[in-house]
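J.: Sequence:
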Amino acid sequence: MENIESKIATLAGGCFWCTEAVFERVEGVSTVVPGFTGGQIKNPAYREIISGRTGHAEAIEIHFDPKVISYKELLLIFFSTHDPTTLNRQQYDKGTQYRSAIFYHSEEQKQEAETIVKTLEDEAVFKDPIVTEITLASPFYEAEAEHKEYYSKHRQQQYCQVIIDPKIKKLQQLFADKLKKAKI
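Residue numbers for the sequence shown follow the numbering used here, beginning at 492 and rising by one.
Any given hint might turn out to be false.
Said to hold, decoys possible - Only pairs whose alpha carbons sit at most 30 Å apart, straight line, appear in this in silico DSSO-like list of lysine-lysine:
id, residue 1, residue 2
1, K618, K601
2, K639, K660
3, K618, K533
4, K661, K609
5, K672, K660
6, K498, K672
7, K661, K672
8, K618, K639
9, K672, K558
10, K669, K644
11, K639, K671
12, K639, K601
13, K618, K644
14, K644, K609
15, K558, K585
16, K672, K585
17, K644, K601
18, K661, K601
19, K609, K660
20, K558, K498
21, K601, K498
22, K609, K533
23, K585, K639
I should point out that these hints are in silico values taken from the structure, not numbers from a laboratory.
Starting from the given sequences, assemble the full structure and let the hints guide the process.
T.: In structure tokens form, the structure reads like this:
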């Protein structure tokens, strides 16, 4: 049952297998749903998304308890576990469907995202400018079942070992105090 106090954050940081694996390990996150948002057609299928022609991004919808983890903390994890300086690309994944984006659900979320981006740029945390788009949330379409909990089910695959494992290690190093005890 969804917590009455639960909030939603929608983030796109490349392949949703990666972002789902990161955020499902964070304390205060009750659910992470991989899917698609930010495009022009209704109910897109994965095969349409990967063509890059629908305008959708692979994204995750995070249901979280703001009493346990703040939206700001989620954004800091987001910026620490993907490259927000590469336009339409994350490692081997290329195309607009792999863009870095924050889809805000309120004016407060928008302001928080803009403040964090400005702070990261002012502090020169990244050597290149941040290209993460900050956009009003649009309809979110859940991915097909085979994409859910992908990392947990396929950790032996090379993509998981080469691309996702380093993100999990970075999460563990930088945010050890924010991890679920049973899901490290």
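J.: Kindly indicate which numbered hints from before are broken by the structure, ordering the numbers from low to high.
T.: When the structure is compared with the hints, numbers 3, 8, 13, 14, 15, 16, 17, 22 turn out to be violated.
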